[in-house]
Amino acid sequence: MLKNRLTRFLSMSCLAAALAASPVLADESIILQSTTSTANSGLYDAILPMFQDQTGIIVNVVAVGTGQAIKNAANGDGDVLLVHARPAEEQFVAEGHGVERFDVMYNDFVIVGPSADAAGIEGMESAVAALEKIGEAGAVFVSRGDNSGTHKKETALWLATDIDPDEASGTWYRETGSGMGATLNAAVGMGGYTMTDRGTWISFQNKGDHEILVEGDSELFNQYGIILVNPEKHSNVKAEAGQAFIDWILSDQGQAAIASYTLDGKQLFFPNAK
Amino acid sequence: MTTPAPDASKPRIGGEVRGLVYRAGGANRIDGIDLALPKSSLTVVLGPNGAGKSLLLRLMHGLLEPAAGEILWDGKRLDERMRVRQAMVFQRPVLLRRSVGANIRFVLRLRGKATLEAVDSLLAEVGLEQLADQPARQLSGGEQQRLALARALALKPAVLFMDEPTASLDPAATASIESIVKRAHERGAKVIFVTHDLGQARRLADDIVFLNRGRLVEHTPAERFFDQPDSRQARQYLSGKLILD
Amino acid sequence: MQDFGEAFRLAFQLVLTADPDLLEIIVLSLRVSLTAVAFSCLIGLPLGAALAIARFPGRPALIILLNALMGLPPVVVGLLIYLMLSNAGPLGWFQLLYTPTAMIIAQTVLITPIVAALCREVVEQLYSEYAEQFRSLCMTRRQAMSALLWDARYSLLTVGLAGFGRAVAEVGAVIIVGGNIDHLTRVMTTAIALETSKGNLALALALGLVLLTIALSVNAAVMMLRMTASRYAYA
Chain A
1 MLKNRLTRFL SMSCLAAALA ASPVLADESI ILQSTTSTAN SGLYDAILPM
51 FQDQTGIIVN VVAVGTGQAI KNAANGDGDV LLVHARPAEE QFVAEGHGVE
101 RFDVMYNDFV IVGPSADAAG IEGMESAVAA LEKIGEAGAV FVSRGDNSGT
151 HKKETALWLA TDIDPDEASG TWYRETGSGM GATLNAAVGM GGYTMTDRGT
201 WISFQNKGDH EILVEGDSEL FNQYGIILVN PEKHSNVKAE AGQAFIDWIL
251 SDQGQAAIAS YTLDGKQLFF PNAK
Chain B
275 MTTPAPDASK PRIGGEVRGL VYRAGGANRI DGIDLALPKS SLTVVLGPNG
325 AGKSLLLRLM HGLLEPAAGE ILWDGKRLDE RMRVRQAMVF QRPVLLRRSV
375 GANIRFVLRL RGKATLEAVD SLLAEVGLEQ LADQPARQLS GGEQQRLALA
425 RALALKPAVL FMDEPTASLD PAATASIESI VKRAHERGAK VIFVTHDLGQ
475 ARRLADDIVF LNRGRLVEHT PAERFFDQPD SRQARQYLSG KLILD
Chain C
520 MQDFGEAFRL AFQLVLTADP DLLEIIVLSL RVSLTAVAFS CLIGLPLGAA
570 LAIARFPGRP ALIILLNALM GLPPVVVGLL IYLMLSNAGP LGWFQLLYTP
620 TAMIIAQTVL ITPIVAALCR EVVEQLYSEY AEQFRSLCMT RRQAMSALLW
670 DARYSLLTVG LAGFGRAVAE VGAVIIVGGN IDHLTRVMTT AIALETSKGN
720 LALALALGLV LLTIALSVNA AVMMLRMTAS RYAYA
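Residue numbers (my numbering), protein chains in the order written: chain A, 1 to 274; chain B, 275 to 519; chain C, 520 to 754.
Think of the hints as simulated: they come from the structure by calculation, not from any bench.
Some hints could be false.
[Claimed, not checked] With a Cα cut of at most 20 Å, we get these calculated SDA-like pairs of lysine to any residue:
1) A:Lys71 to C:Met658
2) A:Lys207 to C:Met746
3) A:Lys71 to C:Phe653
4) A:Lys233 to C:Leu610
5) B:Lys387 to C:Gln614
6) B:Lys350 to B:Arg292
7) A:Lys71 to C:Leu598
8) A:Lys233 to C:Met658
9) A:Lys207 to C:Phe523
10) B:Lys456 to B:Glu339
11) B:Lys387 to C:Gln644
12) A:Lys238 to C:Thr659
13) A:Lys238 to C:Ser605
14) A:Lys233 to C:Thr715
15) A:Lys233 to C:Ala607
16) A:Lys207 to C:Glu525
17) A:Lys71 to C:Ser605
18) A:Lys71 to C:Phe523
19) B:Lys387 to C:Thr659
20) A:Lys207 to C:Thr715
21) A:Lys71 to C:Leu599
22) A:Lys238 to C:Glu525
23) A:Lys71 to C:Leu645
24) B:Lys387 to C:Leu610
25) B:Lys387 to C:Gln662
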């Protein structure tokens, strides 16, 4: 009782205090914890307005690395999680933070590097072999190093090689600890190789003389999953609106919207909801 | 009748110090002064540089804590209730960064009675009524000191301390300060006036307190002090010689 | 570097066409940072003034602490506020995370030490001039504090300006607690960070130029006010 009243009083004063308090509370809105790779590609700008038109629900996207997105969602700071790191997602559900995980779409990773290609990896079909060649040549490779989905994928690929890049950390293996964009900027700046998702690469505007050198390996497949944050664990979760978004994006309509998004004439994401 | 006279029910305060000592920099700057000041006189404090004139004033007003000795007003130890009935004008006026009128309003408000009429009459008393809206810090030196004096009078002080208020003023400004002080004294304020200016002392003083090296040399009625000072040091001082002991 | 030329061209284009998205971002930036400045003044000015005139054991240590807090990294502040406002945190039930309010709180925490510490210096200097007169007037601490704050008002404008400069330019705190959500919590600095990460260096630089222009105008306005004040010997 008292706590309620106190809460209301404090909230009111906080709101009154913040002259800038946003009117967002008036409309229904959800928070989507997602990754920089999806947000930077422009996908959300293209498909979210369609969802909002139909349902009136505003989707506010917080774009951070997959690691941080999962952590934020585990704190209950979000209603829906859309990331690309399957083992971590499954663990998230197993720990009770999420209700259920669904496949949404995929894109793929590519290895980009300077067109001079000192390590000579252009056209290689195996991503693992390409990384091995880079490591043997001691050519600069720029890693996200931020525990993101992309970083986790990259680490898994290195594990399959005979090279332990951590030993070379700071020499030819350089971890930026930053998002995909910052890492691409660094790779271009250093003339180094890096692994990126195709969507971010296509929409990236500062390519310099870098180009895609390795692509098409099934190992580079990048699956995105969507999870409703568990309302039983986190009472603030807007389960209904969140579920509406998940239902929509998994529906034929939502899947078609994903497929129709192109940049420079290229499709970036491939829907594969079951 | 411009400035309100002190309340008749409040008697003029006589000040007294006993065995007063003030130490600074390892030396006794005030070195055992005993002094009793009459209730109604205009007392002028004289003495060479470093005699301790300003220190004595600050001690009696409670701005400084003595190392030893007592300060009594009306037979009671100096306390806050006594201090609010005192006012001091400093050699260099400290004016607020506000207009002339606001400087007066500020002190009136401190005592909880700022009326438009009170501000006007105080400014009229010191001849600054035309300048009420001017920034205080743009006034001339003489005007600034008059404003400081008006501010002191706004407190309706029973005791008015003046610490060389005209030291850097021209004769006209000095004359106007002196006449305002005399009027305040005639209306009942006890005035203790520190000066270097012997002419000023002759014009104003009822009694003279003469200090040298932190000690009281003599306290005599003004006439006698200027005609026949009791002490050799005062004679030397009056004749313009340096006092070397 | 063609990015520079391109940046200037883009900056002019953005401003001249009054790009609605840009306008929204600028307005939010100003709203958040100015509100934060207002709150930090409300807290920091009395705190600084009190510290300037009070004498107590531990005062030097407190002053050192306050001066050190001026260098608080925005990211650390952002993280602390995130942990407080997160649904897993003690203040989660306010539901303030990812709102402009959260950004205001973070920036207020960030700049209150700056306002308080600089105010302490300004007021202490003024007090050294006024102290004896105030004691003569038998003023209470509270009366002295408010008189000093008012008389230092034009110097304190610069103090507020220092706080504003820090608030409007920081990105570390607002990006964590605001989330850089489009049309909701995106401000100048987070937009610049975003465009940089997209590789739109020219656009990022153009936004930076706009931010710089805003900072310049605010500074110029305050400077003119101060100059007017010192003409009247109020500053």
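Problem set entry | Violated constraints from the hint list, given by number and in increasing order | As far as the earlier hints go, 1, 2, 3, 5, 8, 10, 11, 12, 14, 18, 22, 23, 24 are violated by this structure, in ascending order.
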